[in-house]
Every structure is written in C-alpha cells, then in structure tokens.
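Participant: Chain by chain, the residues:
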Amino acid sequence: MGDSQYSFSLTTFSPSGKLVQIEHALTAVGSGQTSLGIKASNGVVIATEKKLPSILVDESSVHKIQSLTPNIGVVYSGMGPDFRVLVRKSRKQAEQYHRLYKEPIPVTQLVRETAAVMQEFTQSGGVRPFGVSLLVAGYDDKGPQLYQVDPSGSYFSWKASAMGKNVSNAKTFLEKRYVEEMELDDAVHTAILTLKEGFEGQISEKNIEIGIIGEKKEFRQY
Amino acid sequence: MDNANIGIPPKGGFSFDLCRRNDMLSKKGIVPPPSYRKTGTTIVGLIFQNGVILGADTRATAGSIVCDKNCEKIHYMAPNIYCCGAGTAADTEAVTDMVSSQLQLHRYHTGRESRVVTALTLLKSNLFKYQGHVQAALVLGGVDATGPHLHTIYPHGSTDTLPFATMGSGSLAAMAVFESKYREGLTKEEGISLVCEAICSGIFNDLGSGSNVDICVITKGDKEYLRNHQLPNPRTYISSKGYSFPKKTEVLLTKITPLENQVEVIEVGDSMEE
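Respectively, the protein sequence lines represent chains F and G.
Numbering of the first sequence is given in the numbering used here, commencing with residue 2 and proceeding in unit increments.
Numbering of the second sequence is given in the numbering used here, commencing with residue 2 and proceeding in unit increments.
Worth flagging that the hints you see were computed from the coordinates, not collected in a lab.
One or more hints might be untrue.
[Stated by the list, open to error] Not everything, but these chain F residues come out facing chain G in the computed CB check (under 7 angstroms):
no. : residue
1   : 90
2   : 92
3   : 96
[Stated by the list, open to error] Listed below are several chain G residues computed to face chain F (Cβ distance under 8 angstroms; list not exhaustive):
no. : residue
4   : 98
5   : 104
6   : 105
7   : 183
8   : 250
Quick reminder that beta carbons are idealized off the backbone N, C-alpha and C, glycines included.
Kindly generate the complete structure, drawing on both the sequences and the hints.
Facilitator: Listed below in structure tokens is the structure:
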C-alpha cells in the first residue's frame, strides 16, 4: 500500500452513487462456487461445493472451509487466494484479542474486525476490494451465530443464507425448508439437500465440504 | 523542518537509550532502582520413560518479602509443551504468553502439532533480541512428533538440551538430588517422586523458594497438570470464630481512692514588664 504521491483509491463513486468496483467484486462472488450456511438451535452448519478443475488435483490438499478459532469457522464464495489472505488476518486478530483480554473472541467482534479489513481495501490507495463473500459460523456464549460478510465490508446475521452461482435457487429452497427450532442434524441434512439442488453431476463426499459447530467445537468432514 | 526525513518510516525494535541512563543513575547512587517481583525459585525438569516431567515451587519474592505464597510458575505454551519460569515474574509471564500466541498462529497455518524446538527458537530469539534485559530463565519441556524434549534457556538467549535440568536460586540444591538419583528409563511414579524430592530440597534449603510443589507430566498425546501436588508447608490461618481465653483474670478486691485536688495559688508581685 503506497505512501507515494501516486497512490489514490481505485474504488471511486459513479454518478449514480454506486461504487462500481464493489459491484464487480459482487459479480466475481456470484460466479464462484455455491456455499451456504444454516443456523440451528444448537449449532451452525456451513457447506460448499468443491469442484476441482481436473480429476488430477489432489482434493485432500484443498480446504475451502477453515477454522479461525476453535469455535469459529468460515467458508467463502469467490476467489480462493483472497480468502487465504483474509483467513490469515482474521486468525491474527483473534489471537491478538485473546492476548489482550484473555478470553476467546466473540463471534460478532471477529466479524466486525474482518469486515473492517475488507472495507479498508475499498478505500485505501492502490488496492482493490476482496473478491470473496464470507460466511462466518461460530458458537460462543450468545449461542450459535451465522454472519455473511460482503466485499464492501457490510455484514449481516442470517438464520440461513447462500451465495455463489446458485444463490437464488438455494435461497428459495432454504426459505421453504427452514424451520425455526431446527436441530443440528436436520440442518446438516437440509444443507446437503440444498447443495444437491444446483449440483452439476454426481454429488459425493469428495466434492463437497461441510463444517459443523456444536457446543464450542469446530470440526470438518467431507 | 527537515524534509529529507519525512519519507523514512520509524525504526522498529527496542530503544536501549534509557538503559544507559538507568546504569548511570544507579552508579551515582542518586535514585535506588525500583524493586520488582522476582521468583527466586527452584524449577526442574526431567525426561522419563514416556515423556517429560516439569516441577516448580510456588513462592514469589519481592526483595526479602514473600509476596505470593502460591503462585503458578509452570506456564502453558501449547497443548503438548509447558514452560517453567524463574527470574522476574513479569518477564517470564509476558515472554511465555507472547510465544504461546505465536505458536497458536503457527499451528493454524501449518495444521500440525507444535514442536518443542519451535518454542525454543522463538523464545531464544526473543531473549537475545533484548540482550539479557528480559530476565527470564526458563525450563522448557514437551513431547512432540519427534519425541520428548527438555531444554533450558538463559536470560541472554543461550540454550541447553539436557535429560534433566534445574534453574533458579534453588537450582544447586535440586541438582544435587538429581545428580545422585537420576537414571534413564524412570517410570512415571519414580519420576514424580524424584522431581518432588528435588523441589523439596530447594524449598527447604533455599530462602528464595518455598511453599508448595507444582508438577506437570507430559506424555505423547496427554498431559497432567498437578497443581499443588505436595504441600509440605501447610499454613494455618486464624480461626474465624475469633480468640477466646478460657480463664479470665479473677477480681479479688475493689478499692477506689479519690485523688484530692490540690490547687496552689501563687501571688505574683511584679507584673511582667513587657
């Protein structure tokens, strides 16, 4: 990020009051692989399809769902490398919070700080916005929580949400299937069904990734 | 305003300017250096059959006063690595905290269990950077994928790798016990009792060590933190019921003698002049 005389923000307003770069970033997200999340009464589940460019790729080396702290996990739609950078920054911020306050970072705080980073990149000189939307799933003493963070830096709390290629179909499906006091197992089942809706080809444990958080744990399974 | 300096970012790192001033002041005897809480300590570690056992006493001193009778000197670094600290209490806690944080981030990035040598290198680089001003003498032990490891780290940043180690003011007393009784292939019970003996030797023979014995046993995939494993110096507190004396003083005789008020009036002939 430059301090030189030539670094000015690349994200500027259009005459209609929109930030065109952010619109483009959202388009990049919209052409990424579908991912979704569902908040149950006793946990959260996030899932994504993991379509690899070729059968020769070693799928065990690709991790689209990452954990930020032992009780917070995240999934994305959009550009993988941008996701990696954000995960690294978020992990460091969670660790710094823990060093300072000696308590595990609450989900809202981590989401807020990650969103602040994403916003920074829409206003600083010489950088472009991130081309990812994140779904952050966590369980802290406020209960299970699911947040979506957009390239603009805005974040929303969802009961169930989807993003990526198949977003409209997935959201319609979720709206129909979502029940208020859903249990975690039902939520996992619903998540897989929703993924199957827009899936091209045969769905199997090798081409989807699921992250589940119950009470204070985050573990993944394919 | 010097335009040439605007573009240069501020230099990072520790500024040693005040250390020279402090040295000068203490040499001149003008200002006594502030006293800080030291852990004049006995800390030990040994490698046994299946892993590592760390032990420490629990007394913290500020000068010649015991300021904490039951402090924790065995610090968490990683699920499979613990570190005992001797020296200035604030220094040992801050440096172990910082490296523990760095190890956690490293674990996230690599997806693997932390190694003892990683913790060792992070600690020694940090202590060397501060040229011995961070007064932390540490005994670092843990079990990782390459086996059990035990290291000592000195305040200036040098390290040793040993099968058994002691640090702190009570280190000589504890080392005497180790040197005569340590052998390879100890079982867990033998190891714990040897560590207890060594710490007790430090507790009873060194003024800077005292109170209780803390033990930490680390094996592959498991750790046991035995806080206050032995309490050789039980502290009896004042009973909350208060004191009561069984036999009160008996009253044998009551005699009251009023004192007569004697007021003498002295005539002063001359009034005071001036």
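Participant: Indicate, hint by hint, whether the structure satisfies it.
Facilitator: Verification of the supplied hints:
1. Of the supplied interface hints, the one on residue 90 (chain F) is violated, with its beta-carbon coming no nearer than about 11 angstroms to a beta-carbon of chain G, more than 7 angstroms.
2. Interface hint at residue 92 (chain F): satisfied, since its Cβ lies 5 angstroms from the closest Cβ of chain G, which is below the 7 angstroms cut-off.
3. Evaluation of the residue 96 (chain F) hint against chain G yields a held restraint, the C-beta minimum of about 5 angstroms falling below 7 angstroms.
4. Evaluation of the residue 98 (chain G) hint against chain F yields a held restraint, the C-beta minimum of about 7 angstroms falling below 8 angstroms.
5. A distance limit of 8 angstroms between C-beta atoms decides the matter here; for residue 104 (chain G) the minimum to chain F is near 10 angstroms, and the interface restraint is violated.
6. Residue-level restraint check for residue 105 (chain G) holds (minimum Cβ-Cβ distance to chain F is 6 angstroms; threshold 8 angstroms).
7. Against a cut-off of 8 angstroms between C-beta atoms, the interface hint on residue 183 (chain G) is violated, since the closest Cβ of chain F lies about 37 angstroms away.
8. Look at residue 250 (chain G): its Cβ only gets to about 56 angstroms from chain F, farther than 8 angstroms, so that hint breaks.
Hint compliance for this structure: hints 1, 5, 7 and 8 are broken, all remaining hints hold.
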